[in-house]
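**Q** Produce the complete structure using the sequences and hints provided.
First to last, the protein sequences are chains A and B. FYI, the numbering for the first sequence is 1 to 256, going by this note's numbering. FYI, the numbering for the second sequence is 1 to 312, going by this note's numbering.
For the record, the hints were derived by calculation from the structure and aren't laboratory data. Computed from a predicted structure; not experimentally measured. Treat each hint with caution, since some may be false.
Stated by the list, open to error - If the Cβ cut is set under 10 Å, some of the chain A residues that face chain B in the computed set are:
#, residue
1, G14
2, I67
3, Y93
4, R107
For each residue, glycine too, the CB sits at the ideal point set by N, CA and C.
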Amino acid sequence: MHIAVPIRLMPKIGDEIDVDESGTDIDRDLVEMVLNDFDDQALEEAVLIKEATGATVTAVGLRSEGIDQALRLAYARGADRLVLVEAGELDAYDSRTAALAFAEALRELAPDLVLTGVQAPTDLFGQIPPYLAATLGWPQANVVVGVEASDGAARVIQEYAGGRLAVLDLPLPAVVGVQSASSPPRYVAMARLRQAMTEAQTETIEVGVDAPATAPELISLSRPTPQAHATMIEGDADEAAERILAVLRERGALAG
Amino acid sequence: MGDVLVYVESPVNDRLLGFARPLAEAAGGALVALVAGAESPDGDGLAAADVVLEAAHPALSPYLPEAHQAVLAAAIRERTPDLVLLENTTSGYDLAASCATATDLPFVGYCVGLSVHGGEAEATSGIYGGQLEATVRTSLPAVFAINSTALHEEPRGAGRGERAQLAPPAELSELRTKFVEPVVPPDEGVDLTKAERIVCVGRGIGGADNIPIAEELAEALGAELGASRPVIDSGWLPKVRQVGKSGAKVTPKLYLSLGVSGAPEHVEGMQGAELIVAINSDPGAAIFNIAHYGVVADLFDVADELTNLIGD
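**A** And the structure:
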């Protein structure tokens with residue numbers, strides 16, 4: 001069994017997200033790009049399947065700032081192969097063309113199963129798994145919280161509103177959009193990460209893709225208009241706590 | 001021309017039809033509700049549609065992505081609508097981008113606002129976990145996935161109430177995927193939907209070791225402990241404590257959050273709370289856009305102090 005895990009990047013949690021001077025991108029000087037959260041979950045699920053069945057796991061990333069570190073992290077987590085896809089200059093928000101680039105690479109890699117994050121914070125123009133499934137003509141399921149794979153089939157748990165769940169069987173090859181792994185992504189010790197940095201070999205696949213003719217256009221990015229105009233409570237922790245307590249009393253939100 | 005085709009899930013969320021109605025008026029077409037199921041729908045919640053387009057086939061219930069994908073793509077090809085709308089739920093993730101590919105239409109996701117001008121649509125979409133909004137323009141026809149948080153209003157009036165049948169596409173008799181069984185989650189004796197007060201922890205709590213700080217505050221307030229998805233996915237609290245799209249949809253008197261960023265998937269589950277107080281060290285956190293009171297501070301200091309004050 002060969003599992004491919006397309007991975008993408010997101011700004012590190014806690015980094016400042018601010019609109020840059022062009023008005024159509026974030027200020028990239030303020031953020032470090034790291035492995036997308038949901039791709040981390042997909043990677044963990046792939047490694048769990050590897051441990052259970054002896055599958056081979058290939059992490060696949062598109063050339064962009066920060067992708068080398070993310071691929072090496074994938075190696076440290078248990079990926080066997082690392083593939084860097086060279087697709088030329090891709091727009092950071094054009095997930096549809098990114099999916100076409102992944103699909104080209106996947107045709108070459110011919111995995112049995114594709115596990116990837118159900119979404120990334122920049123998937124404005126569509127998520128990768130449904131685009132991959134439609135482009136490759138493979139069955140799919142998204143918002144998946146558990147995958148078991150055997151020869152020829154993947155058994156997945158799909159999650160619906162309110163936490164309802166159902167089990168589906170997908171014949172392979174198939175694409176699965178992972179929301180969470182069966183267990184939390186494993187901790188990687190710094191020593192292991194450093195080892196991966198020197199040990200990991202990355203293969204390169206070159207692909208040629210054209211953006212769709214009728215792509216939507218990103219006009220601008222801005223801060224959302226607050227819905228509630230929160231009253232901001234100032235002061236140090238003591239003052240803030242006192243003020244919160246006063247608000248809870250005023251609003252009758254305390255017990256008894 | 002000018003039709004708005006709405007993919008309607010079961011159970012019907014008629015607020016998606018409420019969202020679609022002004023768009024049908026602006027586009028000068030009919031509001032068409034596609035209902036895919038094992039049997040003809042009984043019409044509950046569908047009164048706002050001008051046309052209820054029924055796709056009835058045994059393979060359409062229970063829900064299977066492959067089957068519904070085939071039906072939505074067939075409906076788009078047959079009706080050639082200007083706008084195709086889905087709610088950004090699990091089926092939205094499965095169907096929107098895949099059907100846009102199958103029918104060669106542009107797709108815009110995470111919409112919180114949408115308007116039609118001439119042959120174009122302008123959408124406002126949540127991006128970067130709701131920290132920013134993107135303004136997007138696309139030619140029509142196009143497919144749009146609408147965030148559940150944007151579906152505020154029920155339809156104001158009734159539509160024409162016509163009925164039409166969609167011939168089941170051939171793919172339905174040769175499906176590759178199979179529904180196996182529903183999973184019944186274990187009853188763990190926690191029901192956040194009935195809680196009057198909730199202390200909700202987010203990623204900012206930093207680790208399982210810090211959960212007791214939130215537990216103490218919850219106990220002092222007589223509140224249940226809830227959590228956002230990253231906390232659950234990291235294994236710091238059990239799934240039954242999750243608030244949001246894939247957890248509980250809660251409407252407590254008080255929702256007090258500690259280190260919750262306020263991603264749209266979380267907001268969907270708690271925006272109905274009467275009083276929302278958010279504590280987060282990041283002044284740019286999206287939670288402050290929905291909170292009634294906000295504190296930019298170290299959550300541990302404030303939580304400890306608040307627990308002490310209530311105890312006094």
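**Q** Hints first: check each against the structure and report whether it holds.
**A** Cross-check of the supplied hints:
1. The closest approach between the C-beta of G14 of chain A and any C-beta of chain B is roughly 6 Å, which is under the 10 Å cut-off, so the hint is satisfied.
2. The criterion of a C-beta within 10 Å of any C-beta in chain B is not met by I67 of chain A, whose closest approach is roughly 19 Å, and the hint is violated.
3. The restraint placing Y93 of chain A at the interface with chain B holds, with a minimum CB-CB distance near 8 Å, inside the 10 Å limit.
4. Evaluation of the R107 of chain A hint against chain B yields a violated restraint, the C-beta minimum of about 16 Å exceeding 10 Å.
In the structure shown, a violation is registered for the earlier hints numbered 2, 4, in ascending order.
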